[in-house]
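K.L.:
Generate the whole structure from the sequences, applying the supplied hints.
Protein chains: 2
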Amino acid sequence: MSATLIDGKKSAAKLIAECSEQIAELTAQGITPGLAVVLVGSDPASTFYVRSKSKKCKELGIHSVKLELPAETSQEELLKVIDDLNNDTAIHGILVQSPPPKQIDEAAIIAAIDPAKDVDGFHQVNVAKLVLEDSSGFVPCTPMGCQRLLMDYGVETEGANVVVLGRSMIVGKPMALLMMAKGKGANSTVTIAHSRTKNLSEVMRGADILIAAIGKPEFVKADDVKEGAVVIDVGINRVEDLIDDRGYRIVGDVAFDEVAPKCKAITPVPGGVGPMTIAMLMANTVKACKQITG
Amino acid sequence: MSATLIDGKKSAAKLIAECSEQIAELTAQGITPGLAVVLVGSDPASTFYVRSKSKKCKELGIHSVKLELPAETSQEELLKVIDDLNNDTAIHGILVQSPPPKQIDEAAIIAAIDPAKDVDGFHQVNVAKLVLEDSSGFVPCTPMGCQRLLMDYGVETEGANVVVLGRSMIVGKPMALLMMAKGKGANSTVTIAHSRTKNLSEVMRGADILIAAIGKPEFVKADDVKEGAVVIDVGINRVEDLIDDRGYRIVGDVAFDEVAPKCKAITPVPGGVGPMTIAMLMANTVKACKQITG
Chain R
1 MSATLIDGKK
11 SAAKLIAECS
21 EQIAELTAQG
31 ITPGLAVVLV
41 GSDPASTFYV
51 RSKSKKCKEL
61 GIHSVKLELP
71 AETSQEELLK
81 VIDDLNNDTA
91 IHGILVQSPP
101 PKQIDEAAII
111 AAIDPAKDVD
121 GFHQVNVAKL
131 VLEDSSGFVP
141 CTPMGCQRLL
151 MDYGVETEGA
161 NVVVLGRSMI
171 VGKPMALLMM
181 AKGKGANSTV
191 TIAHSRTKNL
201 SEVMRGADIL
211 IAAIGKPEFV
221 KADDVKEGAV
231 VIDVGINRVE
241 DLIDDRGYRI
251 VGDVAFDEVA
261 PKCKAITPVP
271 GGVGPMTIAM
281 LMANTVKACK
291 QITG
Chain W
1 MSATLIDGKK
11 SAAKLIAECS
21 EQIAELTAQG
31 ITPGLAVVLV
41 GSDPASTFYV
51 RSKSKKCKEL
61 GIHSVKLELP
71 AETSQEELLK
81 VIDDLNNDTA
91 IHGILVQSPP
101 PKQIDEAAII
111 AAIDPAKDVD
121 GFHQVNVAKL
131 VLEDSSGFVP
141 CTPMGCQRLL
151 MDYGVETEGA
161 NVVVLGRSMI
171 VGKPMALLMM
181 AKGKGANSTV
191 TIAHSRTKNL
201 SEVMRGADIL
211 IAAIGKPEFV
221 KADDVKEGAV
231 VIDVGINRVE
241 DLIDDRGYRI
251 VGDVAFDEVA
261 PKCKAITPVP
271 GGVGPMTIAM
281 LMANTVKACK
291 QITG
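So the sequences go chain by chain: R and W. Its first residue numbered 1, the first sequence is counted upward by one per residue in our numbering. Its first residue numbered 1, the second sequence is counted upward by one per residue in our numbering.
No false leads were mixed into what you were given.
If chains are identical, the list can't say which one is meant, so a pair holds when it fits in one copy or spans any two.
With a straight-line Cα cutoff of 27 angstroms, these simulated DSSO-like cross-link-like pairs (lysine-lysine) come out:
id	residue 1	residue 2
1	K221	K182
2	K216	K184
3	K184	K198
4	K182	K216
5	K226	K198
6	K262	K198
7	K102	K182
8	K58	K10
9	K9	K264
10	K264	K14
By construction, these hints were calculated from the structure, which means they are not laboratory data. These numbers were taken from a predicted model, which means no experiment stands behind them.
P.N.:
Dropping the structure here:
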């Protein structure tokens, strides 16, 4: 079997084009969507992600505000920044780049963001809306991106056995909740497997669609995957590679080379889920803008 | 194999005894837990449930307020009642018996209840706390009761394959979220199966622990259950029975007579999950009282 390579860059470009159309409609009404990204401290990976987000905003004509605060910013100061953004009518989406420095209580910061502007989908109100299948809420960008890839590639999800590997609040749980919901691109039979799962290989082999979000480099092997499965790899792991100029390379949670030949379709890393996450952030920002101004 | 009969009455009595001890401690501090149950209209089943709840409160020395409002109560009038209860310092738990009449927007009513008094666990804040594994929240009483039965009977849940049949907001989803969480009585590999699941019998047969909450009388047959499984039957279905004086009898979602011989342990209906639900409501009321006054 020759696996279809699920091209995240192509899907992301399609989604960005849809966003672009919606932004043009908003602009015609004199409305410009605005996204504020708050970064506390100067973690190199965070700085990179924040820059990518700002760049994508600019490309799309989204008003982008990048707030780079010193590493020693206090909880109170950060709450004040969030409050100002909540009240700023030019801003429709707010996100605080994770992880913040230790003196910051991240849960309290997320709780302070206006749920209507919570484009990361981490606020309690949006978490609950996902469980309650209320489509006015915001769903975290990575699981949304995975679902969109499945839909773009015509993967049948209704009644399919979906195994989600990992139970994090950012990917695993929202992914499972999305796929078990009623409706298009969902209606799946969902299994959430994790570090405590005993017969993990057997559970994974039961998957028609396997979504790996366990954060362990090349954890999923050929023996863990059913012939003809669709595999979505959420992992972005840096592993040492002395041949590479950077001294490392990026691999997913799936041992791509051995797994791919068994699959009906599979995402590469990089170039799979990654580009979808940032595109979904743009889509959530446009949605927030439409809901707030509409 | 001779199945252990999981005795919900006995487990409920144990839980009620624990509540009683905690209430005695509160009383010693001059605090009496208070529960308000609001009933709009006079649906016979609802009237029965409300009466059972009040009766159990009285047995335990919980201050019980039963508000029976006419069927034509408006949304605004009901919101006023909720607001008064939110502000009533003698009340620590509030529940509105479901389903309300058609003119009532149930979601808006639930949203109006102070989350700290939402002993049904239906408020967005409590739904999110369940997802986020924040134990200060309230979890719906029926899934909590099912988990407690498993713990009382020493059923190993860690790494076990739990299949939850049904994806409702009241039982299926919270049940799945409870069992996939970290910690004692949980850490399970959870599969949520439902009406759209294609290979349902096969999925159910994979369960070490099968929790049936699909609302279909005697839906789960012997062939759907693995030898040695533990079966928790959440269903309460009324089926016609001309031999019975009432003209009906109550059956679960599991065909008990044929399934029981294959099980390691199973709950009967009635006398299984049912008694746990009301006991958990008492436990949630005591918890609310302790959190509010503590």
